[in-house]
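Participant: Read off the chains here:
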Amino acid sequence: MARVFIPTMLQPLTEGVKEVEFQAANVRQVIQGLEERFPGIGQWLTEDGRIKPNLAVAIDGETTSMGLLAKVAPDAEVHFIPAISGGGK
Amino acid sequence: MVSTAENKTQYKVVGTRPIRHDGLEKVTGQARYSADINLPGMLHGKVLRSPHAHAIIKSIDISRALALPGVESVITSADLPQPSGRVADLGEGAMMNPKFLSNNVLASDKVLYKGHAVAAVAAADQHVAEEALGRIDVEYEVLPPVLNAVDAMKEGAPILHERLYTAENPFVRPGGLRDDSDPEGGSNVASHFVFELGDLEKGFAEADVVVERGFRTKAVHQGYIEPHSATAMWNRDGHVTIWCSSQGQFAMRDQSALILDISMSQIKVIPLEIGGGFGGKTLVYLEPVAALLSKMTGRPVKVSMSRQEVFEGTGPTSGSFMKVKMGATKDGRITATTATLIYEAGAFPGSPINPGVQCMFGPYDIANGRVEGYDVVINTQKTAAYRAPGAPAAAYAAESVIDELAEKLNIDPIDFRVRNAAKEGTRRLTGPVFPRIGYLETLEAAKNHPHWSAPLEGPNRGRGIATGFWFNGSGPSSATASVNQDGTVSLVEGSPDIGGTRAAVAMQMAEVLGLPAEDVHPSVGDTDSIGFTSTTGGSSVAFKTGWASYEAAQDIKRQMIERAAYIWDVSAEDVDLTDGVFHHKSDPELRFTFKELAGLLLETGGPIVGSAAVNPGGVGGAFAIHIADVEVDPETGKTEVLRYTALQDVGKAVHPSYVEGQIQGGAVQGIGWALNEEYFFDDEGCMTNSSFLDYRMPTSLDLPMIDTVMVEVPNPGHPFGVRGVGEVPIVPPMAAIANAIKAATGVRMTNLPMSPGEVLKALWDSEESKNSD
Numbered sequence: 001m002a003r004v005f006i007p008t009m010l011q012p013l014t015e016g017v018k019e020v021e022f023q024a025a026n027v028r029q030v031i032q033g034l035e036e037r038f039p040g041i042g043q044w045l046t047e048d049g050r051i052k053p054n055l056a057v058a059i060d061g062e063t064t065s066m067g068l069l070a071k072v073a074p075d076a077e078v079h080f081i082p083a084i085s086g087g088g089k
Numbered sequence: 001m002v003s004t005a006e007n008k009t010q011y012k013v014v015g016t017r018p019i020r021h022d023g024l025e026k027v028t029g030q031a032r033y034s035a036d037i038n039l040p041g042m043l044h045g046k047v048l049r050s051p052h053a054h055a056i057i058k059s060i061d062i063s064r065a066l067a068l069p070g071v072e073s074v075i076t077s078a079d080l081p082q083p084s085g086r087v088a089d090l091g092e093g094a095m096m097n098p099k100f101l102s103n104n105v106l107a108s109d110k111v112l113y114k115g116h117a118v119a120a121v122a123a124a125d126q127h128v129a130e131e132a133l134g135r136i137d138v139e140y141e142v143l144p145p146v147l148n149a150v151d152a153m154k155e156g157a158p159i160l161h162e163r164l165y166t167a168e169n170p171f172v173r174p175g176g177l178r179d180d181s182d183p184e185g186g187s188n189v190a191s192h193f194v195f196e197l198g199d200l201e202k203g204f205a206e207a208d209v210v211v212e213r214g215f216r217t218k219a220v221h222q223g224y225i226e227p228h229s230a231t232a233m234w235n236r237d238g239h240v241t242i243w244c245s246s247q248g249q250f251a252m253r254d255q256s257a258l259i260l261d262i263s264m265s266q267i268k269v270i271p272l273e274i275g276g277g278f279g280g281k282t283l284v285y286l287e288p289v290a291a292l293l294s295k296m297t298g299r300p301v302k303v304s305m306s307r308q309e310v311f312e313g314t315g316p317t318s319g320s321f322m323k324v325k326m327g328a329t330k331d332g333r334i335t336a337t338t339a340t341l342i343y344e345a346g347a348f349p350g351s352p353i354n355p356g357v358q359c360m361f362g363p364y365d366i367a368n369g370r371v372e373g374y375d376v377v378i379n380t381q382k383t384a385a386y387r388a389p390g391a392p393a394a395a396y397a398a399e400s401v402i403d404e405l406a407e408k409l410n411i412d413p414i415d416f417r418v419r420n421a422a423k424e425g426t427r428r429l430t431g432p433v434f435p436r437i438g439y440l441e442t443l444e445a446a447k448n449h450p451h452w453s454a455p456l457e458g459p460n461r462g463r464g465i466a467t468g469f470w471f472n473g474s475g476p477s478s479a480t481a482s483v484n485q486d487g488t489v490s491l492v493e494g495s496p497d498i499g500g501t502r503a504a505v506a507m508q509m510a511e512v513l514g515l516p517a518e519d520v521h522p523s524v525g526d527t528d529s530i531g532f533t534s535t536t537g538g539s540s541v542a543f544k545t546g547w548a549s550y551e552a553a554q555d556i557k558r559q560m561i562e563r564a565a566y567i568w569d570v571s572a573e574d575v576d577l578t579d580g581v582f583h584h585k586s587d588p589e590l591r592f593t594f595k596e597l598a599g600l601l602l603e604t605g606g607p608i609v610g611s612a613a614v615n616p617g618g619v620g621g622a623f624a625i626h627i628a629d630v631e632v633d634p635e636t637g638k639t640e641v642l643r644y645t646a647l648q649d650v651g652k653a654v655h656p657s658y659v660e661g662q663i664q665g666g667a668v669q670g671i672g673w674a675l676n677e678e679y680f681f682d683d684e685g686c687m688t689n690s691s692f693l694d695y696r697m698p699t700s701l702d703l704p705m706i707d708t709v710m711v712e713v714p715n716p717g718h719p720f721g722v723r724g725v726g727e728v729p730i731v732p733p734m735a736a737i738a739n740a741i742k743a744a745t746g747v748r749m750t751n752l753p754m755s756p757g758e759v760l761k762a763l764w765d766s767e768e769s770k771n772s773d
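Protein sequence lines, in the order shown, are assigned to chains A and B.
The opening position of the first sequence corresponds to residue 1 in the numbering used here, with each subsequent residue numbered one higher.
The opening position of the second sequence corresponds to residue 1 in the numbering used here, with each subsequent residue numbered one higher.
There's no promise every hint is true.
[Said to hold, decoys possible] Mimicking EDC-like on lysine to aspartate or glutamate, the simulated pairs with C-alpha atoms at most 16 Å apart in a straight line are:
no., chain 1, residue 1, chain 2, residue 2
1, A, K18, B, D199
2, B, K295, B, E141
3, B, K742, B, D199
4, B, K423, B, D365
5, B, K557, B, D579
6, B, K742, B, D707
7, B, K58, B, E141
8, B, K423, A, D60
9, B, K423, A, E62
10, B, K323, B, D365
11, A, K18, B, E196
12, B, K742, B, E640
What the hints contain is simulated information worked out from the structure, not anything from laboratory work.
In this text, all values refer to a predicted model and were calculated from it rather than measured experimentally.
Bound conformation, chain A alone (with noise of 0.2 Å):
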């Protein structure tokens, strides 16, 4: 099962829940999943069919650029934090 955590700043509405486990083949299931159990949470993470583009999602520690479609391992851990951009040399 997927151990999807839930950012601090969202965990008001999941009434102070922190994670979540659940069956989640790819993100958008992710999604799909925490829409179920906290409806309005998804507003939060997509927009236009697509996360938000200010937001990474980071599945075992690293950062995917493939948005819903990124694959999910069974037993992944998965965050949503907000995108970095850097400043270069």
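Assemble the complex: chain A is given as a structure, and chain B must be docked to it using the hints.
Facilitator: Here is chain B on its own, set in the frame of chain A:
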């Protein structure tokens, strides 16, 4: 110096130090930078800038300027489409509020900082253009400015953007505007967010020692040598060509298209050599202005900034206010931490508060923590990225508190960090766990370095250390390479080269093909000649464009193996490439050198072009630890850096000389940030030190040799183990020097810069405090 942790792979090209491909052009003055462009019939543009930090623009009368002989056009924001305040996706993952972006290029209803662009002129020469600026009549209603974040957050503070709301969520990009129908007033706080982990109450209850301190840092500029310049030609078919130097030709194209409200495919941006960027050349300033002036006149227009304009009109990094509280047990284990970071965004939202918050405690395994961030607008220049954006200030606060905890617990500061070090599997305070990282190996290298054990004798001298973390980045990147008949390869890549990446990218291609680095000729393509490539930033290029180059080389290798097999009439599966020689796996008679086969291509099926477009994962974060020895003059407060050593986990160093240069450059910029650099504003918000004479950056005369140690812990997520190296070296210096000053004087400096006046004041305050006790 290289300290190799687990680098068992031997490469022929990667890890060597060839002469840089662009070296001759640069040292002989032949390289073309942005201001070197001159076109037939070209006009010269100049920008009128606000004399006020905060004012309503009541009216702009350009008639007297237009009447001046030689003036061809005068534009204001009224000539630009006024986009909405809705945050827009530029299509490649880059988010922009087009209204803010446009209004920073040319102010619309208000000016929000001294130096804010108000109008622009195109004229026959620069002198006429300058004279015309004085003939533009702007009527202002001057408003009180707010010049720091704490004042800006107070009730009743002057409001910069009447419709700006506070985004109480990290997933809302700062910069959202209320609908006009919303009666709620505006705020100067663009965003506020929190990360939490564990149980804070329990964590602090377990602590034997708790340290709590506040810190203040000032805005500092990237200090690139080359001022901004852009030349544009708006053709009659509606297509625009822009010549400029930037950290991303595609970013310049897309931002310009957004501001000009035309399709990105109507714009071609030709990248020129870049005389430094450090994050400061990721935003458009002049490009849309030059384009619009060209549209108005039908002629090419060049607009260049003076140094004063660079200081007053472009983005420094944020100043900050920070509070940190941290507890630890007697045996040196951190039990809990909290931090509040308030970053000044300048005139428009978008300080680097997010990366600051996320990097702050990156080097540590802390079970219980809470970090809170605020992005606050004030009446100064809109901030831009600067080398590891947000992380240096945050590390200054965190590493000062760490140092104080170690001191109170009488534990060696490196040992204290080792006991709390993040490693593979450590859960960061922001949630995700680390993959393979080299922080512990870097700490060990510091512990074993002769600098750490060298005696430091004499009065007023002290030694300090600090560490730092930066994520490193990736992103979409493209490379195309053509095999020439003489056996060389022409490589076109999409990343502007601001740190030696052209060589690092070419070397990765050469490694695959078994060629000398000199036989791969790299160049940076324009937006019509290479696939989309994300901005040169986030220490991403050697990783992502190196990867694109690696894949393009694999494409060439595959095609050339097929060609050799065709010539020999054997199966491609029986042919391989080893050390630059194509050979049959079992028949030693069948062999071609790369050059021999390249010479046969046109007559055996045609040229070979390899290409790749990637968006790779597998980024490896970077850690650094710096050791600084200082001597503080108690009479003047001046701090002299006596010795400085910078150690860093660099993954696999592709071109070690460049890596060492990046480490030294980052350390030097950090030392300037620590000791000298700051923006001075008068009470009206006017910058008073907008020249390199008064904005004091360190020179070679101010500094000792920066010794470097490259700890090679290869990144398992990259074919050659590459990690980004360019940004993390600016993260530790401020805290390392502050901790050294504490060791030298007994006084802990909590404000940057630690200029002679500030140090002297702190020494006197400390003395007064002792006397009053």
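Participant: Against this structure, judge whether each hint is valid.
Facilitator: Here's how the hints hold up against the structure:
Taking the CA atoms of K18 of chain A and D199 of chain B, the gap is about 12 Å. The hint holds against a cut of 16 Å. About 31 Å separates the Cα atoms of K295 of chain B and E141 of chain B, which puts this hinted pair outside 16 Å; it is violated. About 32 Å separates the Cα atoms of K742 of chain B and D199 of chain B, which puts this hinted pair outside 16 Å; it is violated. With a CA separation close to 8 Å, the supplied pair K423 of chain B and D365 of chain B stays within the 16 Å bound.
Distance restraint check for K557 of chain B and D579 of chain B: the Cα-Cα separation of roughly 12 Å lies within the 16 Å cut-off, and the hinted pair is therefore satisfied. Restraint check: the Cα-Cα separation between K742 of chain B and D707 of chain B comes to about 22 Å, which exceeds 16 Å; the hinted pair is violated. In summary, the hint linking K58 of chain B to E141 of chain B is supported, as the alpha carbons are separated by about 7 Å, within the 16 Å threshold. Taken as a hint, the K423 of chain B and D60 of chain A pair is honoured in the structure, with Cα atoms around 15 Å apart against an allowance of 16 Å.
Taking the CA atoms of K423 of chain B and E62 of chain A, the gap is near 15 Å; set against the 16 Å cutoff, the hint holds. Pair hint K323 of chain B plus D365 of chain B does not hold up; C-alpha atoms about 20 Å apart against a cutoff of 16 Å. A C-alpha spacing of about 10 Å is found between K18 of chain A and E196 of chain B, which places the hinted pair at or below 16 Å, so the restraint holds. A distance of roughly 14 Å separates the Cα atoms of K742 of chain B and E640 of chain B; the hinted pair therefore holds under the 16 Å criterion.
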